[in-house]
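Peer 1: Residue numbers (this note's numbering): 596 to 713.
Note that these hints are calculated values from the structure, not bench results. Hints may contain errors.
[What the hints assert, rightly or not] Restricting the straight-line Cα-Cα distance to at most 20 Å, the calculated cross-link-like pairs of lysine to aspartate or glutamate (EDC-like) are:
no.: 1; residue 1: K631; residue 2: E712
no.: 2; residue 1: K620; residue 2: E606
no.: 3; residue 1: K615; residue 2: E605
no.: 4; residue 1: K631; residue 2: D680
no.: 5; residue 1: K620; residue 2: E700
no.: 6; residue 1: K597; residue 2: E665
no.: 7; residue 1: K597; residue 2: E700
no.: 8; residue 1: K597; residue 2: D682
no.: 9; residue 1: K631; residue 2: D677
no.: 10; residue 1: K597; residue 2: D680
no.: 11; residue 1: K597; residue 2: E668
no.: 12; residue 1: K631; residue 2: D682
no.: 13; residue 1: K597; residue 2: D677
no.: 14; residue 1: K620; residue 2: E605
[Unchecked claim] Derived Cβ-Cβ restraints for the label pairs, each shown as a range:
no.: 15; residue 1: K615; residue 2: A636; range: 17 to 25 Å
no.: 16; residue 1: G632; residue 2: A689; range: 30 to 38 Å
no.: 17; residue 1: L710; residue 2: R650; range: 20 to 28 Å
Remember, predicted model here, so these are calculated numbers, not experimental data. A virtual CB, placed ideally from N, CA and C, is assigned to each residue, including glycine.
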Amino acid sequence: MKYVLLIYLEENALSETERKECYVKSAQLAQQLNSKGQYLATAPLHPVATATSIRVRDGKPLVTDGPFAETREQLGGFFLIDAQDLDAAMAIAAQIPAAQVGTVEIRPVIEVAGLPEQ
Numbered sequence: 596m597k598y599v600l601l602i603y604l605e606e607n608a609l610s611e612t613e614r615k616e617c618y619v620k621s622a623q624l625a626q627q628l629n630s631k632g633q634y635l636a637t638a639p640l641h642p643v644a645t646a647t648s649i650r651v652r653d654g655k656p657l658v659t660d661g662p663f664a665e666t667r668e669q670l671g672g673f674f675l676i677d678a679q680d681l682d683a684a685m686a687i688a689a690q691i692p693a694a695q696v697g698t699v700e701i702r703p704v705i706e707v708a709g710l711p712e713q
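Given these sequences and hints, build the entire structure.
Peer 2: Here's what the structure looks like:
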């Protein structure tokens, strides 16, 4: 089953050195998952100041600068994995370096027929 692991943390929780180390460790985890056939994708996200949100109401797009939600912790990145079950997904989420300073939300992915394969 596919799961998305959403990484939330305060944008300024890590120094630049810590952030780079986190990226290196995350890349190592991605390589480990890839060797087991569990890796699908991962990426850090640019800061929320670069976000743009769009809503369509009555057929008209409404564009807002900034993130969809204003929270203390921001969505900083994600892993898309293939895990046997929720327990396996939780074990992988616990290995994500940012989980030590933030939170990793685990969400099962609905697989919709007709979409291109990952």
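Peer 1: Please work out if K620 and E700 have their alpha carbons no farther apart than 20 Å.
Peer 2: Holds, at roughly 19 Å.
Peer 1: Please verify whether K615 and E605 have alpha carbons no more than 20 Å apart.
Peer 2: holds, 16 Å
Peer 1: Check the hint pairing K597 with D682 against an upper bound of 20 Å on the C-alpha distance.
Peer 2: This hinted pair holds, its Cα atoms lying about 13 Å apart.
Peer 1: Taken at face value, is the distance from the CA of E605 to the CA of K620 at most 20 Å?
Peer 2: holds, 19 Å
Peer 1: Between K597 and E700, does the CA-CA distance stay at or below 20 Å?
Peer 2: Holds, at roughly 14 Å.
Peer 1: Sort out whether E665 lies within 20 Å of K597, counting only the CA atoms.
Peer 2: violated, 28 Å
Peer 1: Is 20 to 28 Å a correct range for the gap between the Cβ atoms of L710 and R650?
Peer 2: Given a distance of about 23 Å, which is inside 20 to 28 Å, the answer is holds.
Peer 1: Hint says 17 to 25 Å; check whether the CB-CB distance for K615 and A636 agrees.
Peer 2: Since the Cβ atoms of K615 and A636 sit about 20 Å apart, the hinted range of 17 to 25 Å holds.
Peer 1: Taken at face value, is the distance from the CA of D682 to the CA of K631 at most 20 Å?
Peer 2: Judged against 20 Å, a Cα distance of about 16 Å means the pair holds.
Peer 1: Could you grab the alpha-carbon distance between K631 and D680 and see if it respects the 20 Å cut-off?
Peer 2: The given pair, whose Cα atoms are some 15 Å apart, holds under the 20 Å limit.
Peer 1: Going straight from one Cα to the other, do K631 and D677 come out at no more than 20 Å?
Peer 2: Roughly 10 Å separates the two Cα atoms, so the pair holds.
Peer 1: For the pair supplied as a hint, K597 and D677, confirm whether the alpha-carbon distance does not exceed 20 Å.
Peer 2: Holds, at about 4 Å.
Violated hints, in rising order: 6, 11 and 16; the structure is consistent with all others.
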